[in-house]
Amino acid sequence: MNSHRILITFSILFLFSVGFSQDLLTLYKNYIPESIINNPVYCADVERNLQTYSRLDPNLIYYFIETLNMVSQKIEVSPDSDWRNILQQHLARAKYLKRKWAEIMIANINETFSPPIKCSEIASYYKEYEYGVYKKVIIKESEIIDKNKQNFYKYIYISGQNNLQYNPDEDYSRLYNQAVKTLVGKFNKQFVNRAQLSKIELKELIDLAFKYPYVFKDSYLDDIPYNTSFHIYALINDYVKDKYMNTNSLYVQVADNFLPITYNESIEFTDPFGSKYKYDYQLDLGNTIYVNAGFRVKLKKLYWPFSFINFNVGAAIQKSLSNSFKRHLFFSGYKAKSGLSFDGSYYISDYRDLKSFFITTQISTPVYYISDKIYFEAGINYSMHKISFEYDFNRNGDVGTPYGDDPPAFFQDEVVKYDKTHHLFYPLISVNYFPAKSINIRVDYLAPVQARASVSYYLNL
Numbered sequence: 000m001n002s003h004r005i006l007i008t009f010s011i012l013f014l015f016s017v018g019f020s021q022d023l024l025t026l027y028k029n030y031i032p033e034s035i036i037n038n039p040v041y042c043a044d045v046e047r048n049l050q051t052y053s054r055l056d057p058n059l060i061y062y063f064i065e066t067l068n069m070v071s072q073k074i075e076v077s078p079d080s081d082w083r084n085i086l087q088q089h090l091a092r093a094k095y096l097k098r099k100w101a102e103i104m105i106a107n108i109n110e111t112f113s114p115p116i117k118c119s120e121i122a123s124y125y126k127e128y129e130y131g132v133y134k135k136v137i138i139k140e141s142e143i144i145d146k147n148k149q150n151f152y153k154y155i156y157i158s159g160q161n162n163l164q165y166n167p168d169e170d171y172s173r174l175y176n177q178a179v180k181t182l183v184g185k186f187n188k189q190f191v192n193r194a195q196l197s198k199i200e201l202k203e204l205i206d207l208a209f210k211y212p213y214v215f216k217d218s219y220l221d222d223i224p225y226n227t228s229f230h231i232y233a234l235i236n237d238y239v240k241d242k243y244m245n246t247n248s249l250y251v252q253v254a255d256n257f258l259p260i261t262y263n264e265s266i267e268f269t270d271p272f273g274s275k276y277k278y279d280y281q282l283d284l285g286n287t288i289y290v291n292a293g294f295r296v297k298l299k300k301l302y303w304p305f306s307f308i309n310f311n312v313g314a315a316i317q318k319s320l321s322n323s324f325k326r327h328l329f330f331s332g333y334k335a336k337s338g339l340s341f342d343g344s345y346y347i348s349d350y351r352d353l354k355s356f357f358i359t360t361q362i363s364t365p366v367y368y369i370s371d372k373i374y375f376e377a378g379i380n381y382s383m384h385k386i387s388f389e390y391d392f393n394r395n396g397d398v399g400t401p402y403g404d405d406p407p408a409f410f411q412d413e414v415v416k417y418d419k420t421h422h423l424f425y426p427l428i429s430v431n432y433f434p435a436k437s438i439n440i441r442v443d444y445l446a447p448v449q450a451r452a453s454v455s456y457y458l459n460l
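So the sequence shown is numbered by numbering that gives the first Met the number 0: it starts at 0 and just counts up by one.
These are calculated hints, taken from the structure and not from any lab test.
We put the beta carbon where it would ideally sit given N, CA and C, even for glycine.
Take the hints with a grain of salt, since some may be wrong.
To be verified - Label-pair distances were calculated between CB atoms; the ranges are:
1. 147 to 435: 36 to 44 Å
2. 77 to 240: 49 to 57 Å
3. 452 to 416: 31 to 39 Å
4. 130 to 360: 50 to 58 Å
5. 103 to 168: 21 to 29 Å
6. 330 to 423: 18 to 26 Å
7. 180 to 145: 20 to 28 Å
8. 372 to 281: 36 to 44 Å
Model the full structure from these sequences, guided by the hints.
Below is the structure:
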C-alpha cells in the first residue's frame, strides 16, 4: 500500500521527537503531496522533520520534499537517484559539520568568558548538537539535483513567504542571497540595540538565532553568502551575565544544630579509707537553635572559588541541654581503718539550677560551584558552650575517730557546682542553595560529628 510505504519512510527519516508548532508545513504545503497534507499523523512527522532539517542546513528541505514526492508517487529509481539516499548523505554531512561547529563554539566560550559556571551555562545551549560519532562525509553530487529549485525552497524558509509558485526561469539564488542578507542585517541591528531589549525579548532573540545558526559568524555551511558580525553566544552572555555578579551582603540566619553534641563527664574521688569511686554521666546539647548575623565580603567581581568570605556570629535561643546526671549511691555500709570508722553511705543528688550559654562564629569561603544557585563552601567554626549546674554530695552516717577527734572534712555534706566552658573548633564543609536571590538554604557538616541546617535572608549592598 502507498500509505504503508510513506509510513516506513517516515520511520527512517524521523530522527528527533522534539515537538514544534506547525508553521513550516504551512510554508511548504503547496509542494508536499496531498496524501500527506490530508493525514494529521503524517503532518506532525513532516513538521518535525522540516524543523530539524531547516536548523541543520536549509538545503535538506529540498531533499526531504523530493523524497516525499518520490515515495508518494511510488517511483522506482536507481540507488544513485533515490532521494532517500541523497537526503541521508547530506543529513550526515550537516550533522558532522554542526557538531564540529558546536565544539569550536564551546572552545571559544571557555576562552572568552568567566567564571567556569557561566561558561558552562552558555555552552549548554550548544550541547544538543553534540551528536554521536559522525565522520566527515564525501558527497558525490547527483545529476538529478535542481539547484535553482533547491534555492527556491531555501528562499521560502529564509524569507518566510508562503504561497509562492516555482518559476524555473527565475534566478532564486539571487532572491535567496538577498533574503539571507536581510536576515543577517536584522540580527546585526538587534545585536547593536540589545541593551534596549528586555530579558524576555533577549531570550526570544536567542531562540530565533538558533533557527538560523548557519548565518552567524563562523558559519559551518560554506554556501551562506552573508554572516552576522557576532556569535550567538555573545547574546547568551548578555542574557546570563547578571546571574554571576558577586556582591557584598548582610544577612540574618536561623540555624538548627540537628546532630547533638555530647560531653562525657565524670565525678571521681578517693575516700579516707583509700577506696576510689567514679560516676560517669553525659551532657547533651540537643537540637540547639541559633540566631546568627553575618556579612559577606566580596573578593572577586564574579563567582569563582574563594570569590568572597562569609563571617557570622550568633547565640542560642533554645537551651535544649539534657543531662543524664541523677541520684547515685557510691557506698553504703561499714568501713574501718587505723582507728577511723564510718557506718553510713555516700551518694549524690539530682542536679538543679541548670544554666547554659552558647555562642558560635563561623568563617567560610566558596570552593566549588555547581551553578549560580548551588555551591560548596569550606571553612572553620568556633563554638563556646558555657554550662553550669549544682548538685549535693551527701555523706550520711556515724564517724568514729581516735580519741574523739573531729572527723575528716570528707564526711561533711557539700554543695558541688559544675561550671565549665567548652571551646570547640570544627573544620566545616557546607552546601548552599539559593531558591531565590535573597534566600539561602544551607547545610553545614562540622567534622567530626556535628551538623547544622540553616535558612538565611541576604540584603545585598
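Q: Could you say whether the range 49 to 57 Å given as a hint is met by the Cβ separation of residue 77 and residue 240?
A: holds, 56 Å
Q: Starting from the range 20 to 28 Å, see whether the pair residue 180 and residue 145 falls in it by beta-carbon distance.
A: Holds: the Cβ-Cβ distance is about 23 Å, inside 20 to 28 Å.
Q: Using the beta carbons of residue 103 and residue 168, state whether their distance is inside 21 to 29 Å or not.
A: Hint violated: Cβ distance 40 Å, outside 21 to 29 Å.
Q. Could one say that the CB atoms of residue 372 and residue 281 fall in the range 36 to 44 Å?
A. holds, 40 Å
Q: Given the hint of 18 to 26 Å, check if residue 330 and residue 423 actually sit that far apart at their C-beta atoms.
A: violated, 36 Å
Q: Please test the hint of 36 to 44 Å on the beta carbon pair from residue 147 and residue 435.
A: For residue 147 and residue 435 the Cβ distance comes to about 57 Å; the hint is violated.
Q: For residue 452 and residue 416, compare the CB-CB distance with the range 31 to 39 Å and indicate the outcome.
A: holds, 34 Å
(Q) If I claimed the Cβ atoms of residue 130 and residue 360 lie 50 to 58 Å apart, would that claim hold in this structure? (A) holds, 53 Å
In summary, the structure is inconsistent with hints 1, 5 and 6 from the numbered list given earlier, while agreeing with the others.
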